[in-house]
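*Asks:* Letter by letter, the chains look like this.
2 protein chains.
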Amino acid sequence: MSWVPVDAESHFPIQNLPYGVFRRGNDAPHIGVAIGEHVLDLNVLSARGFFQTPEIADAFQQTTLNKFMGLGRPFWTEARAVITELLKESTATIRDDAKVREEALVPMSECAMQLPAEIGDYTDFYAGRHHATNVGIMFRGANNALQPNWLHLPVGYHGRASSVVVSGTDIVRPMGQVCANQQDPHPAFQPCAVLDFELELAVFVGPGNKMGERIKVEDAKNHIFGMALMNDWSARDIQKWEYVPLGPFNAKNFATSISPWIVTLDALEAFREQLPPQEPAVLPYLQDPEYGSYNINLEVALNTANNTHTVISRSNGKYLYWTFAQQLAHHTSTGCPMRPGDLLGSGTISGPDDASMGSLLEITWSGSKVITLADGSERKFLRDGDEVVMTGYCQGEGYRIGFGCVRGKILPAVQN
Amino acid sequence: MSWVPVDAESHFPIQNLPYGVFRRGNDAPHIGVAIGEHVLDLNVLSARGFFQTPEIADAFQQTTLNKFMGLGRPFWTEARAVITELLKESTATIRDDAKVREEALVPMSECAMQLPAEIGDYTDFYAGRHHATNVGIMFRGANNALQPNWLHLPVGYHGRASSVVVSGTDIVRPMGQVCANQQDPHPAFQPCAVLDFELELAVFVGPGNKMGERIKVEDAKNHIFGMALMNDWSARDIQKWEYVPLGPFNAKNFATSISPWIVTLDALEAFREQLPPQEPAVLPYLQDPEYGSYNINLEVALNTANNTHTVISRSNGKYLYWTFAQQLAHHTSTGCPMRPGDLLGSGTISGPDDASMGSLLEITWSGSKVITLADGSERKFLRDGDEVVMTGYCQGEGYRIGFGCVRGKILPAVQN
Ligand SMILES: [Ca+2]
Ligand SMILES: [Ca+2]
Ligand SMILES: [Mg+2]
Ligand SMILES: [Mg+2]
Ligand code: NI
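Heads up: the sequence lines are chains D and Y, in that order.
For the first sequence, the numbering used here begins at 89 and goes up steadily by one.
For the second sequence, the numbering used here begins at 89 and goes up steadily by one.
Source of the hints: derived by calculation from the structure; they are not laboratory data.
Among these hints, one or two may not hold up.
You can't tell identical chains apart in this list, so a pair holds if it fits in one copy or across any two.
[To be verified] Using 35 Å as the maximum straight-line C-alpha spacing, the simulated DSBU-like pairs for lysine-lysine come out as follows:
no.	residue 1	residue 2
1	Lys468	Lys309
2	Lys298	Lys497
3	Lys187	Lys406
4	Lys406	Lys468
5	Lys304	Lys468
6	Lys155	Lys457
7	Lys155	Lys187
8	Lys155	Lys176
9	Lys468	Lys298
10	Lys298	Lys155
11	Lys155	Lys497
12	Lys304	Lys497
13	Lys457	Lys406
14	Lys468	Lys176
15	Lys309	Lys176
16	Lys497	Lys328
17	Lys497	Lys468
18	Lys155	Lys304
19	Lys304	Lys457
20	Lys155	Lys468
21	Lys309	Lys187
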């Protein structure tokens with residue numbers, strides 16, 4: 089327990105301590121950890137000499153987490169130990185020092201959260217089996233749902249780093265080229281009419297690898313800093329026309345939203361669960377000695393312009409077939425260099441049934457069904473003014489390791 | 089003419105003045121322009137007060153070109169005018185000042201060229217019609233060579249920025265997952281056996297756009313800083329197995345090489361040529377009022393480990409169907425933000441006949457033919473020790489606007 093008050097349902101107890109970057113007014117961005125409804129300002133603590141290891145002290149005075157991410161696991165472990173000690177109930181150092189407390193413990197309501205890192209490269213995988221199967225059934229029928237490669241490698245594509253934004257950033261509905269009849273194409277340029285979200289988890293890379301070298305699957309954990317929630321906004325009508333043969337491009341590059349707090353693997357460790365072995369067996373370079381998943385309760389809600397709130401999906405982190413360790417090992421198997429702050433998205437996380445699907449494409453089965461919201465209105469895909477809110481947490485005994493949320497509201501397309 | 093000696097066949101006469109970043113010994117990287125066999129050090133000139141506009145003076149003291157790229161066309165025009173004036177035969181300022189000359193005019197042989205910019209995002213298009221047709225014929229037959237979308241939009245995909253390297257960087261043959269029979273898949277993880285190059289041009293973006301806004305095709309020129317040669321190394325066997333349905337990923341992300349000198353659109357302007365109108369007509373947002381191409385002679389040579397040199401292709405910049413202005417307008421049509429230093433590759437530039445194909449995939453028609461090199465050895469795809477050298481220039485009357493070259497040598501795969 090911490091001397092900072094934390095509710096039982098709070099996402100940010102002392103067991104969590106996720107990292108983020110925030111601004112107060114016009115101050116420069118500071119690095120902090122979330123604790124209850126406060127943020128502990130690590131820049132302030134660092135300046136006051138609370139971190140004796142110079143690399144950590146220096147990293148916490150940066151305006152992004154890249155440098156801290158690049159330090160590696162021994163430094164992460166040490167920093168976590170120092171912060172845990174300072175926050176625990178019995179430690180008087182800050183608890184009883186009104187001046188330091190005043191300076192370093194900032195109400196979350198005063199913090200404008202920033203993107204936690206400069207993202208050099210962003211990759212999105214397709215690692216959820218139910219999702220890949222659902223999409224496959226819709227597009228190719230039940231007999232060919234999974235492509236032949238899907239069970240053998242974590243399929244992924246390079247995304248657009250410049251449009252990764254932090255939770256709360258409004259999303260302008262994209263314009264794009266769409267085509268109703270591809271056999272006799274007369275495409276049009278118009279506002280996306282089939283705008284969707286994708287419920288995903290994402291990890292930030294820690295220390296990278298040199299070009300030409302690889303990160304081995306058994307070592308991948310030491311290269312993964314932590315995890316966030318991600319909404320991979322998707323323009324289905326644009327995607328359908330453009331994606332052959334080089335994959336999704338404009339359908340994805342207008343925006344990807346992430347939650348501001350990065351939950352460390354240390355905090356998640358208690359919620360790791362084994363998965364049944366992969367079948368068929370994967371190649372040795374992909375065999376993860378800790379093959380498993382995290383039991384993270386995920387939820388998607390839709391807020392309408394008239395302030396109604398409807399939960400439209402409940403899924404779980406355990407529905408990923410390919411682990412982030414496997415994704416990282418595969419991605420670097422060619423010698424592709426990673427850099428601290430690089431972002432890997434999991435792909436859409438859908439569960440086994442209708443109530444746990446991670447995209448409107450699946451929930452409305454490509455628009456063949458409608459969902460009814462709390463205000464009685466219906467949706468196949470997103471309307472202007474809709475806000476998508478994704479949340480996630482692991483339930484421990486009497487505490488939660490939470491991710492906070494990632495939210496984004498749709499603004500009308502800019503047509504001219 | 090310049091007071092600096094320049095051969096008639098030099099790529100770098102006073103009409104060119106391409107920008108690059110170089111290092112001398114252990115000095116910090118400096119920005120320079122190429123002139124004959126020298127580099128004019130703009131950092132030194134800036135420190136000595138030769139650039140009176142503070143934004144330009146500051147930009148030239150950076151270690152990358154990003155800041156200068158972000159200033160925009162009026163500043164580029166001014167800087168070019170100042171440099172041209174300083175270098176022309178009749179200007180005594182530097183010509184007759186031994187001390188400044190000694191400091192600012194560096195023999196190219198002493199310069200280690202660097203990546204000219206930090207590349208935030210890298211995108212590769214597929215804008216060459218002959219190339220897209222050749223690939224289509226090989227994979228789908230002559231009747232369905234071009235996909236239905238190809239004539240309606242510039243197809244592209246997001247690439248990996250972290251593995252874009254400057255000419256001269258060795259390329260480690262990638263390991264990867266390949267599969268001989270996709271109907272009954274038993275994939276293997278092994279060194280790429282079908283390693284290829286792709287002859288491309290690429291532009292660096294200047295001033296970007298805010299997320300949610302667009303760059304219009306008629307304004308695109310003001311957002312393009314200049315052009316380089318690019319070799320998009322490609323692992324065809326990896327690509328064949330992985331690319332469905334999200335496009336090429338590991339087949340491309342191990343390396344992309346670019347030439348170190350960025351030739352400005354001002355220098356290229358005299359070599360722009362009109363193209364016949366696009367048919368079918370493209371949508372208004374893609375109608376380029378200056379639809380055309382650059383007449384750039386392109387050449388690919390293969391140097392073997394035993395020092396033989398064989399030219400294996402001669403192509404031309406005019407074989408692009410989609411202009412970079414169209415690519416930029418399409419890319420940002422969703423509101424996708426560009427940042428100064430972003431890189432757009434053209435896609436492989438193949439000409440209409442066998443002697444002008446821009447990849448070994450096409451030259452050997454997917455390995456069904458061999459080419460014979462100057463040393464009598466044969467190739468279908470690249471061997472360890474092979475060096476690929478691409479060059480390009482525009483031929484003016486008595487001068488050349490050249491790109492120098494982009495070269496890269498294949499090192500053996502690292503298997504463990
Ligand atoms: Ca996705
Ligand atoms: Ca290419
Ligand atoms: Mg996205
Ligand atoms: Mg490449
Ligand atoms: Ni079999």
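*Asks:* Against this structure, judge whether each hint is valid.
*Replies:* The hints, checked one at a time:
Taking the closest pair of Cα atoms, Lys468 and Lys309 never come within 35 Å of each other, the shortest separation being 39 Å inside a single copy and 40 Å across copies. For the homomeric pair Lys298 and Lys497, the shortest alpha-carbon distance between copies (18 Å) is at most 35 Å, but the shortest distance inside one copy (39 Å) is not. When the C-alpha separation of Lys187 and Lys406 is checked against a cutoff of 35 Å, the pair qualifies neither within a copy, at 44 Å, nor between copies, at 69 Å. Proximity of Lys406 to Lys468 under the C-alpha cut-off of 35 Å is restricted to the intra-copy arrangement: shortest distance 27 Å within a copy versus 45 Å between copies.
In this homomeric assembly, Lys304 and Lys468 come within 35 Å of each other (Cα to Cα) only across copies, at 32 Å, whereas the closest approach inside a single copy is 42 Å. In this assembly of identical chains, Lys155 and Lys457 lie within 35 Å of each other by CA distance neither inside one copy nor across copies; the values are 47 Å within and 50 Å between. In this assembly of identical chains, the alpha carbons of Lys155 and Lys187 lie at most 35 Å apart only when taken from the same copy (28 Å versus 41 Å across copies). In this homomeric assembly, Lys155 and Lys176 come within 35 Å of each other (Cα to Cα) only inside a single copy, at 26 Å, whereas the closest approach across copies is 46 Å.
Taking the closest pair of Cα atoms, Lys468 and Lys298 come within 35 Å of each other only across two copies (29 Å); inside a single copy the shortest separation is 45 Å, beyond that limit. Proximity of Lys298 and Lys155 under a CA criterion of 35 Å is satisfied in both settings, with 17 Å inside one chain copy and 27 Å between copies. In this assembly of identical chains, the alpha carbons of Lys155 and Lys497 lie at most 35 Å apart whether taken from the same copy (31 Å) or from different copies (33 Å). Taking identical chains as interchangeable, the C-alpha atoms of Lys304 and Lys497 lie at most 35 Å apart only when they sit on different chains, with a minimum of 26 Å there against 39 Å within one chain.
Proximity of Lys457 to Lys406 under the C-alpha cut-off of 35 Å is restricted to the intra-copy arrangement: shortest distance 27 Å within a copy versus 49 Å between copies. In the homo-oligomer, the alpha carbons of Lys468 and Lys176 never lie at most 35 Å apart, since the shortest distance is 48 Å inside one protomer and 66 Å across protomers. Taking identical chains as interchangeable, the C-alpha atoms of Lys309 and Lys176 lie at most 35 Å apart only when both belong to the same chain, with a minimum of 27 Å there against 58 Å between chains. Proximity of Lys497 to Lys328 under the C-alpha cut-off of 35 Å is restricted to the intra-copy arrangement: shortest distance 23 Å within a copy versus 39 Å between copies.
For a Cα distance limit of 35 Å, the shortest separation of Lys497 from Lys468 inside one copy, 17 Å, qualifies, whereas the shortest one across copies, 52 Å, does not. Only within a single protomer do Lys155 and Lys304 lie at most 35 Å apart by alpha-carbon distance; the minimum there is 22 Å, versus 37 Å between protomers. Within a single copy, Lys304 and Lys457 get their C-alpha atoms no closer than 44 Å, and across copies no closer than 37 Å, so neither meets the 35 Å cut-off. Proximity of Lys155 and Lys468 under a CA criterion of 35 Å is satisfied in neither setting, with 43 Å inside one chain copy and 45 Å between copies.
Taking identical chains as interchangeable, the C-alpha atoms of Lys309 and Lys187 are never at most 35 Å apart, the minima being 38 Å within one chain and 55 Å between chains.
The earlier numbered hints that this structure contradicts are 1, 3, 6, 14, 19, 20 and 21.
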